[in-house]
Each structure stands twice: as structure tokens, then as C-alpha cells.
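So the chains spell out like this:
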Amino acid sequence: MIPEPPPLPTLLVVPTGIGCSVGGYAGDALPAARLLAAASGCLITHPNVLNAAALYWSDRRIHYVEGWSLDRFAAGDLVLAPVPGRRVGLLLDAGMEPGLQLRHRQVADACRASLGLRLGPVVVTDAPLGVTLRRGPTGTSWGSLERPDALLRAGERLVAGGATAIAVVARFPDDPASTALAAYRQGEGVDALAGAEAVISHLLVRHLGIPCAHAPALAPLPAEPWLDPRAAAEELGHTFLPCVLVGLSRAPDLVPAAAAQAGQRPGRRGEWLDAGCIGAVVAPAGALGGEAVLTCAARGVPLIAVEGNSSLLAVTGAALGQPVLPVAGYAEAAGVVLALREGIDPAALARPIPPLAVPSAPSGPL
Amino acid sequence: MSGLSTAPGGVRLEALDCWLPGPCGDPSRSVLAGVRCALEAHLRRHPAALEGRRPEPLRWAVTAVDPRRGLRIEGVLLLTDACA
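These protein sequence lines map, in sequence, to chains Y and E. Just so we're aligned, residue 369 is where the first sequence starts under our numbering, counting upward by one. Just so we're aligned, residue 13 is where the second sequence starts under our numbering, counting upward by one.
With the rest of the complex left out, here is chain E (with noise of 0.2 Å):
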């Protein structure tokens, strides 16, 4: 089993919804390693990183390509207890 905890209020869901640098035309960086690289940095800076809790990715796509604002990732967010 993964380790989630299953007490009330363990576990917490939360919609993702973020834009993220595009992808930058490096053929040898493909999408995928640049959208890892930066929703990883966009969730260490969340909230819940700062009490302790593990926002996880459940679930995420891009949504939308903007040349200006990169790529609109939506997902649900997976908050854990950070003992867990």
C-alpha cells in the first residue's frame, strides 16, 4: 500500500491550475521533462509544502498552449500529511 493515511482529514484533494514555462523549441528537452521539471518547482512553493503536507500530483494535463504564458496545467492536487 502507499502509505496514505487513512484518519479523517489525512488525506486532502485540491484543484491544480497553474500556467508553466512552454516548451522552449530545445529538441534534446522534451514537453514532458520540462513540464515535471516546473510543476515540481511550482509545488514546492505551495502552500501546504509549508505546513508539512506533500502536495502530490494526482492527476494532471495541459489544457491550453499560449505563446505568451506557456502551457495551463489542470490536475487535482493529492495533500498528505508529510508522516505519512
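Chain Y on its own, in the form it takes in the complex (with noise of 0.2 Å):
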């Protein structure tokens, strides 16, 4: 028997927000990293990409990470530490009516029972969040917090109840007749919400250290004979939290490199993943402008491009005079990692295959 290469561990980024036509929905790309896992034996990802409201998949092979934390995973500021699991802090957003409240607070009771995660304490935050919703100039989707102080203290009393990593629960604002929402549901434009979630997870990683994902707290849609596949595992259920609570309960530690490094943390350092070891990064050719994937290429990490994957944006390979490995989609992807994988070239794979340049020589006698 043949024995397996050792994992390639690999960055797959789908930026938030930017209208992915891989993505861009409802967890989406989550085919994409299942294949990219089973090619690389190691796949680290960011929760959008892994979350499709009630749907996940539960891979050992992939690491749940949040965006800040990729980032500066990437940079080699931190360390991920794999666990085999830890217990979920519940933050609800006080700005949420009881009933809303209530059917977020039976889903984690379900993933207790039904799934046998370690979730707890609850806590409310002080005041309500106040999330609002906007539009970059380049119509990405960001947005903010009024009470940014309340996300953090809640947090806190999270951490000082025992949780080890954060699912949050914001109440967004209702617009059920917006254009903007009929697009997505119907498989076209930008995430509104992808903006203001991701900064909401980046304030709580950044402030406690520990891994943190969001869901939204909306009212119900009406059915929509026109939905799109892609933006359907959102409108399953009347919350997005489960696929957050599977994710969070498996989540690598993020142990800053200083600790790793002076050995002042306890755990199984072998399998222990740092910058270092990144063999590549697959990301959509057209949103190269990310500070995980700007690092890894900065750092030589072959940069696979997918070209299948559009968005609004434009900023490719050629435009920042970064060289990638273009493909046709995530299954080339794929085929690429597999062949870094195992040693292969990929400028093998294609044609023509131009002869090596050989210097010219100096003129003068033999």
C-alpha cells in the first residue's frame, strides 16, 4: 500500500461581501472546501465559507478560523493549536424580540442534545448592539456597531463563565422589500450582511484571543418561488446559528506566536499549525487585495487564482504584479494542490511546455 503524502496544509479565502459567484451565499463554497480538504489533507478557512445557516460539515480535515485571526495566522502572529473540542459561549444581542431570543436559545439546546456540543454560559448584552448596514464605495458590504463597548463587555463575562470560543447573535435590520435582498435571494449582487458580521467577530477575536463567529438574528422571509440554490440553506430554518455552533465547537486555539515559540503553552505541538508551513493559498482572481493573501504571496507561497470565481471586483494577479497560478475553477484547484501535494510541478500539467532558458554565454574563445 501506497502510503499518503503528508498533508499540504492550504488557505482557501472567499472574501465577504463582494458578491462571490462561489461564496457568496449560503456556505456556498462549503463543496469547494470539502474537495480542497480531500486534495490537501489540511484546509484552513474563514466561517464564511463553512457556515450555510442550518446546514455544515463537520471535516477534521478543515480548520474553522475567523477572518482576523486568518490574517494574522497568515502573518505568523498566531498559532493554531487543533483541539477535539471546547465549550461555545452563547452572546445574544439585547436589541432581539424575546421570540427571536428564545428560538436561538432551543437551537443551542438541540445542538446539546442532538449533537452533544459543550455550549454555555448565555449572556445578554447590556444594551443593544445597534447594527447597521452599508455600502463601500466600490459596492462591497460593510457595516458597524452604535454600541461596540456592549459587544465587548459581554464577551468578557463570557470568557470569566468558562467559554473558550464566542458564538454571537446580533439582531440586523429587517428590509424585506429591498432590492438588494430580492438579488440575493435570487442568486445575483452583494450579501448586505457579510460586512457588518465580519467586523463583529474581528472586534471579539481581537479583544479576547479566542475564536468567535457570527449569525444574524432576523424576522422570517416569506417563501420565495425564485430562490436560488445557493442562497436556499439560509431560509431552511428560523435561525443561521447551527452551522456557527458545529464550526466554533472545533475551532483551533489561537495561540500567539511568542507563547508557541517560548513553549509557554501546553498541548500537542506537533500538530500545531504556524505560517510556515502554508503550501498555498486559493483564492478568486479577482480579489487577490486581502492581507492573508497579499502575506502568503509575499512571502512565496504558490497562489492559486480561480477565474471561475467572480466577483465586483477587479484586483488580479496581473493588476498587482503578483504571479499566480490561474484555474478554471475549484476543481482545477484542487487538481493543483493534489499535484503540490505530491511534489509535481504544475507547469507539467500544461501546454505548451516551453524548454529551460539557458543563460547565453560570454562571448570570446573556447
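Think of the hints as simulated: they come from the structure by calculation, not from any bench. By construction, the Cβ of each residue, glycine as well, lies at the ideal position given by its N, Cα and C atoms.
Partner residues are not named here, just some residues of chain E that face chain Y (Cβ under 8 Å, in silico):
1. Pro20
2. Leu25
3. Ser42
4. Ala73
5. Val74
6. Ala76
7. Val88
Sample of chain E residues with no beta-carbon within 10 Å of chain Y, all distances over it, derived:
8. Cys49
9. Glu52
10. Ala53
11. His54
12. Pro59
13. Ala60
14. Leu62
15. Glu63
16. Gly64
17. Arg80
Both chains are sitting in their own frames, so use the hints and assemble them into the complex.
Next comes the structure, spelled out in C-alpha cells:
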């Protein structure tokens, strides 16, 4: 039996809030993530890729790492320490109606009873968070909070109560008649919630140093007969919370690199992941301007640019002066990752294959 | 914990949108190094810095590339009290 090659830790990035045709909806990049996990043996990606509201896929080869911490990991500031499980605290926005709060508590109970997740405590913020949604000048989604202080205080209470990860549920504004929402449900346009969601989780992870992820709380929508399959996962149930609880339940610890270096942190160090082990980055070909991607590119990590994943942006390798390995879609990306893992030069798989350049010899007598 | 103030108003979020010098074509200098250097210089001139708050990019990305204007950076700034 031929032994498998060692895993090739691979970063998968699908930026949120920019209208990616793959991954810009309700966890619709999950099939790509599963394939890349099989090809690489070790996939590191962020919640936007893996969160499909009521749907999820648990795979020990996939590491669920929130976006801010993903950037820090790629920069070498954080090391990832896989864990068998953890206790996930639940942070509920005081701005949620009692009925919505109840639905979310019941999701947590269901995940305890039916999935065996360790959850709790539950904390309600001491003031409504006041989420607002905005659009950036290039059409990307972003948002803000009126009371970030309330979010941070609630997070601290959860940590004091024994939580080692936090699932945040914030009340988002309803606008059921908006053309942007209609477009999103029909598979066009940008996820208007994504930018604000990222801000919430970034803020908490930066402050507390533990895994965090977010699920928006919204009023139910009437059924849409033309619902795009990519958006369908978000309309199966009352909440978007199950995938977040599952993802966080095995999210790796975020260990400051200095502490890891100094041996100040117990654990099975042989299983830890640091930035130096990243073997490839996979990202949409027009969205190569994110911090994690640029950091890996600066370190010479092969950058696999997926041309079949279009978005609002046109920040390509050519525009940045950055060499990339272009692929048509995620199936081809998985092939390139597998080639790298097997030590095969991806250039040998393409045609034409030019001969090696021979430097011209200096003129003079032989 | 990061030392962010949890007092009301101790932390504020603001949109980040600016144009920074584009890739200079120098293969020895990465796009990232150029962006970080230019972003730091841009934030030192931010009005919040003059008020005693430390503007820090919580989230940023290059969202457009223009041969004349350079790189458009969009994101979110975290404004904290300088003493936090």
C-alpha cells in the first residue's frame, strides 16, 4: 500500500461581501472546501466558507478560523492549535425580540442534545448592539455597531463564565422589500449582511483572543418561488446559528506566536500549524487584495487564482504585479493543490511546456 | 485580552477608504510591504490621531487598482482611546 504524502496546509479565502459567485451566498463554497480538504489533507479557511445556516459539514481536515485571526495566522502572529472540542458561549444581542431569542436558545439546546456540543454560558448584552449596514464605494458590503462596548463587555462575561469560543447573534435590520435582498435571494448581487458580520467577529477575536463567529438574527421571510439554490440554506429554519456552533466547537486555539515559541503553552505541538507551513493559497482571481492573501504572496506561497469565481472586484495578479497559478474553477484548483502535495510541478501539467532557458554564454575563445 | 476600553464610547468604528501608492514595480518590495507602509503613514495623519485616539485597521483590503491613482483600500478602522 502506497503511503499518503503528508498534508499540504492550504489556505482557502473567499472574501465576504463582494458578491463572489462561489461562496457569496449561504455556504455555497462548502463543496469546494470539502474537495480542497481532500486534496490538501489540511484546509484552513474562514467561517464565511463553511457557514450554511442550518447546514454544515464537519471534517477534521478543515480548520475553522475567523477572518481577523486568519490574517494574523498568515502573518505569523498566531499559531493554530487543534483541539478535540471546546465550550462555546452564546452571546445574544439585547436588541432581539423575545421570540427570536427563544428560537436561538432552542437551537443551542438542540445542538447539545442531538450533537453533543458543549455550550454555555448564555449572556445577553447590557445594551442593544445597534447594527447598521452600509455599502462601500466599490459596492462591497460593510457595516458598523452603535455599541461595540456592549459587545466587548458581554464577551468578557462569557470568558469569565468558562467559554473558550463565542457564538454571537446580533439583531440585524429587516428590509424585506429591498431590491438588494431580492437580488441576493435570486442569486445576484452582494450579501448585504456580510460586512457587518465580519466587523462583529473581528472585534471580539481581537479583544479576547479566542475563536468567535457570528449568526445574524432576522425576522422570517415569505417563501420565494425563484430562490437561488446558493441562497437556499439560509431559508430552511428560524436561525442561522447551527453551523456557527458546529464550526466553533472544534475551532483551533489561537496561540500567540511568541508564547508558542517560548513553550509557554501546553499541548501537542506536533499538530500545531504555523504560517511557515502554508503550502498554497486559493482565492478568487479578481479578489487578491486581502491581507492574508497578500501576506502569503509576499512569502512566496503559491497563489492559486480561481478565474471562475467572479465578484465585484478586479484586483487580479496582473494588476498587482503578482504571479499566480490561474485555474478555471475549484476542481482544477484541487488538482493543482494535489500536484503540489505530491511534489509535481503544476507547469508540467499544462501545454505548451517551453524548454528550460539557457543563459547566453559570454563571447570569447572556447 | 487586547486592552480595548469597554467603557461606552471607548471604542468607535469608522469606514476606511483611501487611495495609496500602487505597486512600484520593484520586485524586491512586496505589495503588502508597500500597502502597510503607506497605510501607516495615512493613519498617522488621521484626525483621530490628533485627538489622542489610535486609529487601527480592523479590516482592510485592496478593492481596486488604478494605474494613475494607485491602490484603493477599503475597510474598517478601530478608534480607541490612546490610554486604553
